[in-house]
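Chemist: Residue numbers (UniProt numbering): 1 to 217.
It is possible that some hints are incorrect.
Restraint-style ranges between C-beta atoms, simulated for each label pair [claimed, not checked]:
hint: 1; residue 1: Arg208; residue 2: Val94; range: 33 to 39 Å
hint: 2; residue 1: Trp105; residue 2: Lys207; range: 19 to 25 Å
hint: 3; residue 1: Gln107; residue 2: Thr149; range: 49 to 55 Å
hint: 4; residue 1: Lys207; residue 2: Ala55; range: 48 to 54 Å
hint: 5; residue 1: Trp189; residue 2: Lys83; range: 31 to 37 Å
hint: 6; residue 1: Thr195; residue 2: Leu81; range: 21 to 27 Å
hint: 7; residue 1: Gly58; residue 2: Met192; range: 20 to 26 Å
hint: 8; residue 1: Gly57; residue 2: Arg208; range: 48 to 54 Å
hint: 9; residue 1: Asp181; residue 2: Gly31; range: 20 to 26 Å
hint: 10; residue 1: Ser210; residue 2: Leu85; range: 23 to 29 Å
hint: 11; residue 1: Leu203; residue 2: Leu30; range: 18 to 24 Å
hint: 12; residue 1: Ala69; residue 2: Leu203; range: 23 to 29 Å
Under the rule of at most 25 Å between Cα atoms (straight-line distance), these lysine-lysine pairs were calculated in the BS3-like manner [stated by the list, open to error]:
hint: 13; residue 1: Lys155; residue 2: Lys135
hint: 14; residue 1: Lys147; residue 2: Lys207
hint: 15; residue 1: Lys25; residue 2: Lys207
hint: 16; residue 1: Lys207; residue 2: Lys155
hint: 17; residue 1: Lys25; residue 2: Lys147
hint: 18; residue 1: Lys207; residue 2: Lys83
hint: 19; residue 1: Lys83; residue 2: Lys187
hint: 20; residue 1: Lys83; residue 2: Lys155
hint: 21; residue 1: Lys147; residue 2: Lys83
hint: 22; residue 1: Lys147; residue 2: Lys187
hint: 23; residue 1: Lys25; residue 2: Lys187
hint: 24; residue 1: Lys207; residue 2: Lys135
hint: 25; residue 1: Lys135; residue 2: Lys147
Simulated from the structure, these hints should not be mistaken for laboratory data. Glycine included, every Cβ here is placed at the ideal spot set by N, Cα and C.
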Amino acid sequence: MTDQQHIFEEAPNTPGHKALNPLLKLALELGPLAVFFFANSRGEALVDHFPALAALGGPIFIATALFMAATVIALALSWALTKTLPVMPLVTGVFVVVFGGLTLWLQNDTFIKMKPTIVNALFGVILLGGLMVGKPLLGYVFDQAFKLTDEGWRKLTLRWGLFFFVLAGLNEVVWRLFSTDTWVAFKVWGTMPLTIIFMMAQLPLLKRHSLEPFGED
């Protein structure tokens, strides 16, 4: 097997797969979002300390630039620690850089607001499309936290695929009908709690299809 085949993290249950601490993996995936929220809410204070940031525009544009930087750093750290790239964060990162770049270039925050809609819809298509060809791709995301049967990964992938479409629809409603600050707050205090609630609702499925005693190392 060539080195190129190891650029991306391997499929679930692959022998010899190098695991990353689940809490560290979560921090790398959610850290950029926390940076985005903080920078948007404290944009003026950041400009006071770092005047060069004023050239980017208002708080949403400063937050977008720092979001892009934090996303690239998180992916670089993932590569440094495992010598592989996490598939779904990588896809998100590409869209963050592209849409963030358009946002800064055109000074139009519509692009960064549309990014979650497009990314979530894309994830939904990828997950459900993967199931259609017999590939439960969600295992790439959670295989270090859970060890499930193939049937378990299929069912979990189906549920997450549908949930991503729900998130895409919610993002469209919020960014189109509410203020920028409300939309940013929704990304952290709306999307994250909804995702946590959804994850908790999957516990019975995880217990039924776990390959090892659930909740034990």
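Chemist: Against the structure shown, which of the earlier numbered hints fail to hold, in ascending order?
Modeler: The structure conflicts with hints 2, 12, 18, 19, 20 and 22, although it agrees with all the remaining ones.
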